[in-house]
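Peer 1: Sequence:
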Amino acid sequence: MTDTLIVGGGTAGCVLAARLSADPEHTVRLVEAGSIGIAPEGFPAALLDATRLPIDADAAWLWRYPVMLADDGAAVPGNIVRGKVFGGSGAVNGSYFVRATAADFAAWSRVLGSSTAWSFDTVLPAYRRSERDLDFGDQPWHGRSGPIPVHRNKNPVPLSERFATACVALGFPEISDLNAPAGATDGLGRVPCSTDDGKRVSTASAYLLPALGRPNLTVQAATSVLRLRFHGTRAVGVDVWHDGRADTLWADRIVLSAGAIESAALLLRSGIGDPEQLRALDIPVVHAAPVGAWFTDHPEIGLEYRPGRAGRATVPLEYVLELDDLEIRPYTVAFTPGAQRLGIALMRPSSAGVLRLRSADPAVPPVIEHRYLSAEHDRARLRAAVGTATAVLHEMSATPCTALMPQQPAAAAAWLHANLGTSQHLSGTCRMGPAGDGRAVVDESGRVHGVAGLTVADLSVVPVPLSRGPQATAVLIAEHLAEDLRRSGGGRTSQSL
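Heads up, my numbering is the position in the sequence shown plus 63, with the first residue counted as 1.
Heads up, a few of these hints could be off.
As the list claims (entries may be wrong) - The calculated label-pair distances, taken between Cβ atoms and stated as ranges, are:
{"hint": "1", "residue 1": "246", "residue 2": "343", "range": "47 to 57 Å"}
{"hint": "2", "residue 1": "310", "residue 2": "137", "range": "14 to 24 Å"}
{"hint": "3", "residue 1": "296", "residue 2": "239", "range": "29 to 39 Å"}
{"hint": "4", "residue 1": "233", "residue 2": "285", "range": "23 to 33 Å"}
{"hint": "5", "residue 1": "135", "residue 2": "422", "range": "21 to 31 Å"}
{"hint": "6", "residue 1": "179", "residue 2": "87", "range": "40 to 50 Å"}
{"hint": "7", "residue 1": "169", "residue 2": "285", "range": "19 to 29 Å"}
{"hint": "8", "residue 1": "474", "residue 2": "348", "range": "42 to 52 Å"}
{"hint": "9", "residue 1": "177", "residue 2": "387", "range": "36 to 46 Å"}
Read the hints as simulated data drawn from the structure, not as lab findings.
Remember, predicted model here, so these are calculated numbers, not experimental data.
For each residue, glycine too, the CB sits at the ideal point set by N, CA and C.
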């Protein structure tokens with residue numbers, strides 16, 4: 064029997080597989096739904112090219128989900144994508160590798176009460192362990208020998224430079240290292256990117272590929288996990304579909320790292336969730352838990368403008384302007400022909416979303432309701448951010464293509480809805496917290512409350528909104544929880560109800 068079965072070979076799953084299989088006495092099986100395997104000869108060229116976003120409509124390496132971004136009188140439907148490939152969304156995103164802030168981890172720690180398991184000082188070694196910072200590796204808060212190369216573009220394209228010059232002219236300070244744990248967090252900074260010589264570096268290439276030769280590690284692609292198997296309230300295996308047939312894989316311990324959508328959906332299909340909703344779908348209840356009840360994401364407004372040619376190929380984002388809970392992004396990739404975009408994101412929204420099943424059938428995507436703009440605080444912060452972004456465009460001598468936001472409150476609210484999008488940073492569907500926390504699904508070690516032998520180790524567990532993009536923190540979560548899992552050994556001897 065496998066010691067640890069990891070469900071999902073995305074950003075977190077590849078880290079977990081590499082770290083846990085480093086013990087030659089511990090057997091690990093990693094299963095991934097994506098059909099593109101991992102091999103020493105390399106990955107598809109489109110996934111390696113860090114200057115483009117490989118999210119074409121016919122891309123074989125994507126999950127696509129219909130979502131409702133807002134529905135408070137003005138329905139705003141949308142779609143989000145996730146990486147369905149080894150390396151997960153980190154294999155298809157913009158390579159933005161910015162850490163969550165010390166304030167984020169202070170908020171995380173407050174959720175856990177007296178525990179310091181997720182304080183910034185506690186998790187900093189995991190951040191350092193993950194990275195090879197090519198600019199600041201000599202600083203004590205950075206790593207210099209980790210698997211993931213991190214650097215800032217020292218020769219930004221003219222478009223990015225115009226944005227930076229405008230921000231400085233408007234009086235915003237410059238931040239030399241957005242990943243520094245202390246000092247100013249508000250201002251203009253160059254984006255740390257996980258790239259190497261123009262190539263996107265995911266955890267599949269950085270962590271998993273070097274571990275493939277280990278005899279105690281089994282890696283299996285094109286394997287859809289349908290549901291968990293329980294003996295009483297102990298997870299003992301998973302039902303899968305592979306090579307055109309159903310099978311069951313048994314393990315001493317199961318770790319879910321399928322991402323904030325699929326990890327939550329798998330728990331729900333397996334009987335861990337709201338009992339009333341589960342029974343309505345004829346799913347036997349294993350344990351009542353608030354799975355999917357309070358997720359967060361970053362609402363984003365796009366301002367299109369001209370002139371806007373980036374000039375030469377580069378990473379999709381070279382600079383960001385950080386303003387407390389707001390982030391303004393001068394994208395170098397064009398989302399609309401002939402125009403460029405400033406992305407205006409609210410990083411700590413008050414509103415929270417809901418994920419629930421619409422069917423017990425694994426092939427049917429869940430209902431995902433972001434419920435953006437449902438809080439007046441969020442609307443006010445985005446209105447302020449749009450004003451700042453408009454001032455930056457004016458300083459850049461750029462011409463907005465998007466109609467200017469009206470000043471009248473009702474008209475401004477309608478404008479926000481009309482221009483609403485998402486950063487696609489969904490997290491928190493299986494929130495971390497103590498057993499008495501009515502919003503918590505897992506404990507501080509990622510173990511699912513009320514059952515044994517089952518851990519969640521991905522962005523699902525994040526209990527607070529993150530002030531920065533989540534890629535670096537997804538790696539951190541896997542690094543940090545891998546240490547817990549290695550210390551605890553197998554599931555049957557380490558977890559009790």
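Peer 1: Hints first: check each against the structure and report whether it holds.
Peer 2: Quick rundown of the hints versus the structure:
Separation of residue 246 from residue 343 is about 51 Å and conforms to the stated range, judged on CB atoms against 47 to 57 Å. Under the hint 14 to 24 Å, the C-beta atoms of residue 310 and residue 137, about 46 Å apart, miss the expected range. With their beta carbons about 51 Å apart, residue 296 and residue 239 fall outside the hinted range of 29 to 39 Å. Checking the proposed 23 to 33 Å range against residue 233 and residue 285 shows it is violated: the Cβ atoms sit about 51 Å from each other.
Under the hint 21 to 31 Å, the C-beta atoms of residue 135 and residue 422, about 26 Å apart, fit the expected range. Between residue 179 and residue 87, the C-beta spacing of about 32 Å breaks the proposed range 40 to 50 Å. Take residue 169 and residue 285: their Cβ atoms lie about 42 Å apart, and the range 19 to 29 Å is violated. Distance hint for residue 474 and residue 348: a CB-CB separation of about 47 Å, consistent with the stated range 42 to 52 Å.
For the pair residue 177 and residue 387, the supplied restraint of 36 to 46 Å is violated, since their beta-carbon distance comes to about 28 Å.
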